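Asks: Since chain P is already given, all that's left is putting chains A, Z and R on it; use the hints.
Number of protein chains: 4
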Amino acid sequence: MNGSSFGSIFQVSTWGESHGKALGVVVDGCPAGINLTEKDFESAMARRRPGQTKYVTPRAEQDQVEILSGVFEGRTTGTPISLVIRNTSQKSGDYSEIAHIYRPGHADYTFDAKYGFRDYRGGGRSSGRETASRVAAGVVAGKFLEELGIATTAYVKQIGPCECVNGVYSKDGTVSDEAEEKTRTGFVPSREMIEKSPLRMPDPDASARAEEYLSELMKQGDSAGGIIECIVTGVPAGVGDPVFGKLDALLGHALFSIGAVKGVEIGAGFSVAGMNGSTDNDAFSSSGIKLTNNSGGILGGISDGDDIVIRAAFKPTPSISKPQQTVTDKGEEITIEVRGRHDPVIVPRAVVVVESMVNLVLTDRLLVGMSAQMDRIKAFYKN
Amino acid sequence: MNGSSFGSIFQVSTWGESHGKALGVVVDGCPAGINLTEKDFESAMARRRPGQTKYVTPRAEQDQVEILSGVFEGRTTGTPISLVIRNTSQKSGDYSEIAHIYRPGHADYTFDAKYGFRDYRGGGRSSGRETASRVAAGVVAGKFLEELGIATTAYVKQIGPCECVNGVYSKDGTVSDEAEEKTRTGFVPSREMIEKSPLRMPDPDASARAEEYLSELMKQGDSAGGIIECIVTGVPAGVGDPVFGKLDALLGHALFSIGAVKGVEIGAGFSVAGMNGSTDNDAFSSSGIKLTNNSGGILGGISDGDDIVIRAAFKPTPSISKPQQTVTDKGEEITIEVRGRHDPVIVPRAVVVVESMVNLVLTDRLLVGMSAQMDRIKAFYKN
Amino acid sequence: MNGSSFGSIFQVSTWGESHGKALGVVVDGCPAGINLTEKDFESAMARRRPGQTKYVTPRAEQDQVEILSGVFEGRTTGTPISLVIRNTSQKSGDYSEIAHIYRPGHADYTFDAKYGFRDYRGGGRSSGRETASRVAAGVVAGKFLEELGIATTAYVKQIGPCECVNGVYSKDGTVSDEAEEKTRTGFVPSREMIEKSPLRMPDPDASARAEEYLSELMKQGDSAGGIIECIVTGVPAGVGDPVFGKLDALLGHALFSIGAVKGVEIGAGFSVAGMNGSTDNDAFSSSGIKLTNNSGGILGGISDGDDIVIRAAFKPTPSISKPQQTVTDKGEEITIEVRGRHDPVIVPRAVVVVESMVNLVLTDRLLVGMSAQMDRIKAFYKN
Amino acid sequence: MNGSSFGSIFQVSTWGESHGKALGVVVDGCPAGINLTEKDFESAMARRRPGQTKYVTPRAEQDQVEILSGVFEGRTTGTPISLVIRNTSQKSGDYSEIAHIYRPGHADYTFDAKYGFRDYRGGGRSSGRETASRVAAGVVAGKFLEELGIATTAYVKQIGPCECVNGVYSKDGTVSDEAEEKTRTGFVPSREMIEKSPLRMPDPDASARAEEYLSELMKQGDSAGGIIECIVTGVPAGVGDPVFGKLDALLGHALFSIGAVKGVEIGAGFSVAGMNGSTDNDAFSSSGIKLTNNSGGILGGISDGDDIVIRAAFKPTPSISKPQQTVTDKGEEITIEVRGRHDPVIVPRAVVVVESMVNLVLTDRLLVGMSAQMDRIKAFYKN
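In order, the protein sequences belong to chains P, A, Z and R.
Just so we're aligned, residue 1 is where the first sequence starts under this note's numbering, counting upward by one.
Just so we're aligned, residue 1001 is where the second sequence starts under this note's numbering, counting upward by one.
Just so we're aligned, residue 2001 is where the third sequence starts under this note's numbering, counting upward by one.
Just so we're aligned, residue 3001 is where the fourth sequence starts under this note's numbering, counting upward by one.
Just chain P, with the same shape it has in the complex:
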């Protein structure tokens, strides 16, 4: 594995640079017979697209997905689905001044160290723009999961010091703690509540405070980090594999592969360090559901039938206009102020990227998981 492919049965291979002609992804191993049109990509791509609000870069990309193969008469054929997104608004001129500078927090230095040189325009392959390909692939996976009644929802849980309180949000903005009974570590906000907030924070109060916080940072030419939580409902028990193929290991891999992620936790996450076995263990009940969900829906790497709950911490956008100390590729110290079109916070746009990566993992493991039991295989081939 070189880095641009992911998955074993449902395998995606992304390609493309921030300022190249196009980006795209080849989705191989998608089952035949799933309805798929170019229209299916619009909503997800729009959620990732720049230029949505004042909190995201104004770069104007339509991010239109073109299907070049693998779909015939509106259905997937089982052969590779090639998806292409043309870059229409790249402005290479913006970047020429950083061709020989290593921007702090970026991959400029490490790409040079690895490859000897780099496509410096907008971060090249290391640009967040690469995630457009993942979202396109995630849409295909999402269509697959939908057929099995599985739904993935991510939202912004925290930006800087502003955090959504746990609970279930109703449309009128009130919050109840129903979810507490079941899931100490998460809750499932509706897509509607999430999209109501320009920051994708379903807690209206937290969202408002975060808007203020960001406005202040933008004046200072600075940026903020945040946390995204993702909840998956409808995953049957028994998905995932022991040892290195654990569902949590693959989800961890998936989320850490998103550029700015510096931490990932599942279920009770880091708080388990301070817990005891008697408080962390989720009791099984005869209703077939655990009384708590500290496990985050995964035990021994295999889904336990409960909601899967996972969180990722994103670092602040490294491109800031505040002066920073750094060096050139000749080792000379200089001060830079990164100009151009940058997001003061990345998490609102990353919500759909997190969902996409989670979808890729689940789709793949559901397909791999079909071969776990001889009896079921026999029944499959007898039909």
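Simulated from the structure, these hints should not be mistaken for lab results.
As the structure is a computational prediction, the values presented were derived from the model and not from experiment.
Built from N, CA and C at the ideal position, the CB exists for glycine as well.
Hints may contain errors.
Said to hold, decoys possible - Covered stretches of chain Z, as calculated for chain R (at least 3 residues, CB under 8 Å):
no., region
1, 2023-2037
2, 2124-2138
3, 2153-2163
4, 2252-2258
5, 2262-2269
What the hints assert, rightly or not - Pair ranges (Cβ atoms, derived):
no., chain 1, residue 1, chain 2, residue 2, range
6, R, Glu3038, P, Pro58, 41 to 49 Å
7, P, Lys378, R, Gln3052, 46 to 54 Å
8, Z, Lys2330, A, Glu1073, 14 to 22 Å
9, Z, Glu2333, R, Ala3151, 27 to 35 Å
10, R, Glu3066, Z, Gly2234, 57 to 65 Å
11, R, Lys3021, Z, Glu2066, 50 to 58 Å
12, A, Thr1328, P, Lys378, 24 to 32 Å
13, Z, Ser2215, A, Glu1146, 50 to 58 Å
14, R, Thr3328, Z, Pro2161, 19 to 27 Å
15, A, Ala1060, Z, Arg2339, 45 to 53 Å
16, A, Gly1340, Z, Glu2066, 42 to 50 Å
17, Z, Lys2330, A, Ala1060, 50 to 58 Å
Replies: Same frame as chain P, now just chains A, Z and R:
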């Protein structure tokens, strides 16, 4: 990938159950010419072995590694190295009573859901005993890394509420903050300081408090969680791949594949959510070293030449003797008290497992990374 | 992939050298619930074992397979099955004289070129003895295929100039051309007819002539090549993948991975070069079966429901006692006469190796193939 | 692996159907720093392109390769290279009549069996047109190999009964047997001699006879099969891996993955069945070269420094206008005459496809092979 193999060039495949005849691992893709004897495994295996202190299970396993292939006249031959560890102290009788019970916090239920039945003796394949194979493989990787001047050190940073303070520990137990200058997120304790503590906490004060804390828990038949930090020195800049092959993504995969891990963070980790770009970005200096190391040694998924710093949160041992509510495989509710030989805390024994997994990732990526530049490949083949 | 693993879902990893302590294989991804005991391996291992007749090396190995993991209470658990075969009759002394000589037709020179040195005892990893591990893995695959009604039969079609005539052989040694109607390229001899011949040639006449031919060669210290044909019945249509995952591509890979194979052909094979579309194309009939089987049961890389027919050409055993010119690892020219225990012809023992490799491919592709159609996946998960 | 990806380090993923919008390939793992422009693809694409002579389909495709990513300022960047070839001359109307008919010798039936339905236009994914993507990828691999002094040459050895005689061809059409001294199984014709013949047969006499033969077949609405031989010079000894990663196994996989291939042989190939050890074994000489090359340049799966010689047998084009018996997808028997634009023989256009597949294997194994020896790895990282 089914779950029991890891790595692309340096590929390990582990096998074995807690109470089977043996456990083991096949290491394929190890370069030829590395000195390796059965003695090389002793120190690492001893660090993971049960029965070391009163804080670990007394199960008496020698965990002797036998080399069955891939080594000739004391050197690796480049062909698969088969390592076997015989189980000598399994007592299946201990486990018969849980054959039809789903223990909270364990994989009993999920294995049944996936496979239709399970080897219930001591957790079977989902037992922590499986990590013995990983440690054996990690020793081989460690020998490889040693030849390149790379050293991996993990230690227990936290048990329950007892946390090592950041700093550099000297033999006399004093702590200075030298490390602060370079690494806000970690420090490098000596192996000597770590091994001095029965809990592998190099901060003598934290270690003493944790011992008290655990003694109290053991009386109650309860268990504790904790955090392990791992620091790798000597990794050259340029190791790792973009996108899905990011070094952090592979490290995340590796650590989340350890049974009890519920959270992983790199560098500044979850604290980045509350930071700003201006404080999180590590300035590059002309000395070739970053002024801070919030990146944890990885930028854009590729090593930046700095120490790699990674942490994992481990849940409390789920096997506790306190009564717990659960169900049988027939769905009947019952109360169980898990008997047998269990660790009140798993982190001290997991330290070497974390090191091993990190070693596996780095070895693989160093080998894969040789093919990044045409010029260097040409030079390689001209020699 | 480094070379010692094969398969994507049903993945085997072999290890071991000719004169090491043991050989073995880890079978990962085998479905749970298949009955498997150590006794199941005996018949297949016996067919590959040395010392069966005067035409094979007298090295006395019992080739007893020990199951170390992955089987519980007589059934596979879905976790890795570790199989070990102890070497009991290695005589390293026999080989010391060739430590510094490159035997013609062997891998001595190429292993040194690749790895810098080699385990020279009996060919080390390049020894045909490595195939014992494959046969053990093939037994597991065979048990899987048996559950689906699929049977694999290989036999020796040709040794030197002595060739079985096409047809169907009855117990009394007569031959009819019934098979001609269906399969111009092959026929299905019974296991009984095959095992009757010490050379595994079901045509008694050809077998007798081949015995004479070999006796003569043995007097001269020389060896013979041959051809093995393998027929698989019961494979449903639709197994295999387009492009690089073609069933024929994987079968070709599998058979060429057997040491002495220099040619592989499927169905009409090399004779297609001289045929025309009108004679090579197999007409489809309304009975659901093709009128001929030049395709060898595979069209476009996917099984067509007909018998799969594949052949492999094996070179003569390179170890001969006739004097040969060669060089030492210092480049000095010398003449050698290879002594020790060698087979004058390898094909009789390779029959079961061919079957095993074919079984591995089919098992893997049957498992991978479960994810081809959304409707069937949905039905699978709804049950 | 689902079928559309190939290689482990140098990994290609092809996509596209005969009558879709486009075809293409993602080349991941290509080293950085190789000069590459769209012009580099022209010559190879032209050799595969339809419409070259009267012996190939007149479908008018320009087969222009567009580079969408992975190249910056004329050099590869080490990130995925996305190559796209637009379909410009597809005429879907031509194919509507075969939407419900299973053409003999084609994959229509097997695709339906696997996927439940198919893109029937021109064979969809199973069309020979898919090989355009492979040739594009092969060009990138060829540029890599060129830097290491490795050259791959394929030519048509046989069409129907017309076969090139072994030897070395000079421009004036005479043939000498110089090559016999070194390579009993092959010879290296110049690209010039090959391209002089419209059938890519460097033996002018054989080429002329084959032209006559084909003209006659075309009148009858029939087609011919053939054999392509491929010779690779300059491969250093030591490339390839033992067991399943054998160079011959991977080459066999690669060539059998080309649609019409029914047989593959290496070096002396199928003739080894009739040879003896004393005649088949290639003697090593002190000059560092073997006296013969029955091995075809590979011993024990690893290159021996000699020319690699491999042959593939291609079946006759299954699309013929002669009436053929077959069935519809409802099982009704009918007679069809396949109309449209088809090649009477496929081998002349397949020559460059064979070269491409061989290049892909060699490039991948040269990269994988860098990690074989600890000393060389150490030297690599010390530089």
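Asks: Take the hints in turn and mark each one as holding or not.
Replies: Verification of the hints:
no.: 1; hint: 2023-2037; in the structure: violated (count 0)
no.: 2; hint: 2124-2138; in the structure: holds (count 3)
no.: 3; hint: 2153-2163; in the structure: holds (count 4)
no.: 4; hint: 2252-2258; in the structure: holds (count 6)
no.: 5; hint: 2262-2269; in the structure: holds (count 8)
no.: 6; hint: R:Glu3038 / P:Pro58: 41 to 49 Å; in the structure: violated (33 Å)
no.: 7; hint: P:Lys378 / R:Gln3052: 46 to 54 Å; in the structure: holds (51 Å)
no.: 8; hint: Z:Lys2330 / A:Glu1073: 14 to 22 Å; in the structure: holds (19 Å)
no.: 9; hint: Z:Glu2333 / R:Ala3151: 27 to 35 Å; in the structure: holds (30 Å)
no.: 10; hint: R:Glu3066 / Z:Gly2234: 57 to 65 Å; in the structure: violated (46 Å)
no.: 11; hint: R:Lys3021 / Z:Glu2066: 50 to 58 Å; in the structure: holds (56 Å)
no.: 12; hint: A:Thr1328 / P:Lys378: 24 to 32 Å; in the structure: holds (28 Å)
no.: 13; hint: Z:Ser2215 / A:Glu1146: 50 to 58 Å; in the structure: holds (57 Å)
no.: 14; hint: R:Thr3328 / Z:Pro2161: 19 to 27 Å; in the structure: violated (47 Å)
no.: 15; hint: A:Ala1060 / Z:Arg2339: 45 to 53 Å; in the structure: holds (49 Å)
no.: 16; hint: A:Gly1340 / Z:Glu2066: 42 to 50 Å; in the structure: violated (28 Å)
no.: 17; hint: Z:Lys2330 / A:Ala1060: 50 to 58 Å; in the structure: holds (52 Å)
Consistency with the previously given hints fails for numbers 1, 6, 10, 14, 16, ordered from lowest to highest.
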